[in-house]
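S.K.: One-letter residues, chain by chain:
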Amino acid sequence: MRGLIFRREWITGWLLLLPALVFLFAFTHIPAVTTILNSFFSTPRGRRQAKFIGLDNYERMIADPVFWKVLWNNLWFALGTIPVSVALAIIMALWVNEKLLGRSFVRMAYFTPTVLPLIAVANIWLFFYTPGFGLFDQITGTLFGWPATNYLGNPDTALNAIIVVTVWKEAGFFMIFYLAALQSIPVNLKEAAQIEGAGRWTIFRRITFPLLMPTTLFVCVNAVINSFRLVDHIFILTDGGPDNASALLLFYIYEVAFRFWETAYGATLTVALLILLSLLAISQFFFFDRKVHYK
Amino acid sequence: MLKSFFLKAVAATALSFSTWASAQAVDLQFYFPVAVGGKAAETIQELTDEYVAQNPDVNIDAVYAGSYQDTVAKAITASRGGNPPQLSVILSVDMFTLIDEDLIIPFDDYLTTDEDKTWLEGFYPAFMENSQTGGKTYGIPFQRSTPVLYWNKAAFEDAGLDPDVAPATWDEMVSFSKKLTKKDASGKATQWGVRIPSSGFPYWLFQGLAIENGAVLANAEGNKTYFDDPKVVEALQYLVDLSTEYGVMAPGIIEWGATPKAFFEGQTAMMWTSTGNLTNVRDNAPFKFGVAMLPEKVQRGAPTGGGNFYLFKGASDEQNKAAVKFVQWITAPEQSAKWTIATGYVAPRPETWETDTMKAYAADFAPALVARDQLEFAKAELSTYQNQRVTGIFNDALAAAITGKKDAETALKEAQAEADKILAEYR
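The listed protein sequences derive, respectively, from chains A and B. So for the first sequence, our numbering puts the first residue at 1; every next one is plus one. So for the second sequence, our numbering puts the first residue at 296; every next one is plus one.
Heads up, some of the hints might be wrong.
What the hints assert, rightly or not - Below, computed lysine to aspartate or glutamate pairings styled on EDC-like, alpha-carbon distance capped at 20 Å:
no., chain 1, residue 1, chain 2, residue 2
1, A, Lys51, B, Glu516
2, B, Lys700, A, Glu59
3, B, Lys369, A, Asp137
4, B, Lys556, A, Asp232
5, B, Lys716, B, Glu516
6, B, Lys583, B, Glu709
7, B, Lys716, A, Asp137
8, A, Lys69, B, Asp395
9, B, Lys700, A, Asp239
Rather than coming from a laboratory, the hints here were simulated on the basis of the structure.
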């Protein structure tokens, strides 16, 4: 009797899990496994079937200068976007957490970039960056008399121009998390510190910032993922150019798989991205986690 | 994005209704891209509706599929999923890719009568170069274009040049541009002489320079490129020199999309761009402008561009016959004239230019004829097997040279070596 009940509970349990499992497998696990399998085969073309080629795709990837270039670009992109957007988010959150005139308006203004679709804002930024009659050139031209600057058409500045757009887009989103976290910090801690004679900076460094650490961890994980994930604006702003100066890993994967139709090599690059992301996520949770102060 | 989704949703609903309504008629699905402003999508829809109204035995579902890039991606994905369209307009240069993917069939099997064969010969030969290979016709020219030079007559007058004469040679383009380039006291350029955009797909306009210098970029079989030919190197050096040596063009990569705007704003006195922008410039230029053929070095020359009709595999004999009939109808003079006037694309058949509609249009707007006259000197657009990848490599090389990261010769030598590696298996 007990065995039967146990079995029935067991079936109910699995049935309840089933809808979620179907989606998890259909959209996450099966594609991931297929991707890994495909990376060991050649790209099937209409006239030629895919054949097993072992590690050839991986050898090609290691010898591919564009792969290393986009990986390097991605590193710069991460270094350029994560610290700046997180720092900006904290500053903005502290600022709009104070009592100030038109607080909700400022909060809304900071949050607006998050709400706008990236493709749409990229088109606006494209106008900002346009040499000659773009917004930036009109400002720098009138104020300082600078000559027209081709921000997006110069390999030295193209990636930085993209980083600026990304920071602008992301900082407001992270601000919301910090704002929520700030409001959950009890005021009496701050008051106690003030009685002890601590200045604003000490309060921030010794109390506020440590208490924000769980949020910082969460935001950092998100920022790292985003630095590999946000490529929409590249299609509009530079299309990866000039000479791949502003291409990122995911952009390159799209290009290889859906422009060049080299699906097998695209799968190989995807595996590289997957490994990279899992390593980052694991190390973040293992090393960073120890320093995080949970209540 | 929203618009295309909406259109697709509408099209899908319309399809399910129409399939139900006339089970006896032949159903055709037809993908088309839109790459220029104006009324392209509406015009295709109108023409298709008109044809269906005249021919109750056929149903055509015209699906707007986004840009050229989106359209080829959708067609390939749909075919792999076992649900190919019967007909699609795709870049003429994607022919080898589609053959390689084994997705298209030649038109020849359905063009058997003498009348059909004469019809096939009625297209401009320059457009057929990208449409035929191995003695078979895989593409029928439809929305085809070619680059031309636009010049600002007011700026020419200000610079003391004859406003009705465009530069005819490379040297003239430099000497005119030197007079046209205006700099303020601090040395900042307020008006450049010429603008040859180089973002996205720099190979297309660059190919104009290469052809003018007597070079060919790829063979007709699509399995060999000649990127490091000294004539190509010389053409690239000229393009680079326009900004570095002569100082008459803005340095760095120049945005394609902002080019007409820069021309309207007086940022540049001349620009190279597609004839597909003709209607746009006509409507928006605040000054008198002229349109001319690209200047020559050893010969006149320009690449062709734009899209062809392709027949997809997997359709029934009946569907293919109906599709070919539709293609013949939509490229016929009256329909083709309507299409050319609405968009600025070059009508692909000489007989279209003989219609009263086109004659009236050309009499009113002479620049429309420049593109047609240039066809005599036009050559096939760069097209190879694995086309997107090979042109991608070439684009990177051009960008590296334009931004001064590599010299012209090294960049092109490297690109040629890369392309050879890819194309070796197709020889």
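S.K.: Take the hints in turn and mark each one as holding or not.
M.R.: Structure-based check of all given hints:
For the suggested pair lysine 51 (chain A) and glutamate 516 (chain B), the alpha carbons sit about 26 Å apart, so the restraint of at most 20 Å is broken. Distance restraint check for lysine 700 (chain B) and glutamate 59 (chain A): the Cα-Cα separation of roughly 27 Å exceeds the 20 Å cut-off, and the hinted pair is therefore not satisfied. For the given pair, lysine 369 (chain B) sits about 39 Å from aspartate 137 (chain A) by alpha-carbon distance, which is inconsistent with the 20 Å threshold. In summary, the hint linking lysine 556 (chain B) to aspartate 232 (chain A) is not supported, as the alpha carbons are separated by about 24 Å, beyond the 20 Å threshold.
Distance hint between lysine 716 (chain B) and glutamate 516 (chain B) is fulfilled; the C-alpha atoms sit about 16 Å from each other, no more than 20 Å. For the hint pairing lysine 583 (chain B) with glutamate 709 (chain B), the CA-to-CA distance comes to about 43 Å; that exceeds 20 Å, so the pair is violated. Pair hint lysine 716 (chain B) plus aspartate 137 (chain A) does not hold up; C-alpha atoms about 43 Å apart against a cutoff of 20 Å. Taking the CA atoms of lysine 69 (chain A) and aspartate 395 (chain B), the gap is about 29 Å. The hint is violated against a cut of 20 Å.
The suggested pairing of lysine 700 (chain B) with aspartate 239 (chain A) holds, with an alpha-carbon distance near 18 Å, which does not exceed 20 Å.
Hint violations for this structure: numbers 1, 2, 3, 4, 6, 7, 8, all remaining hints satisfied.
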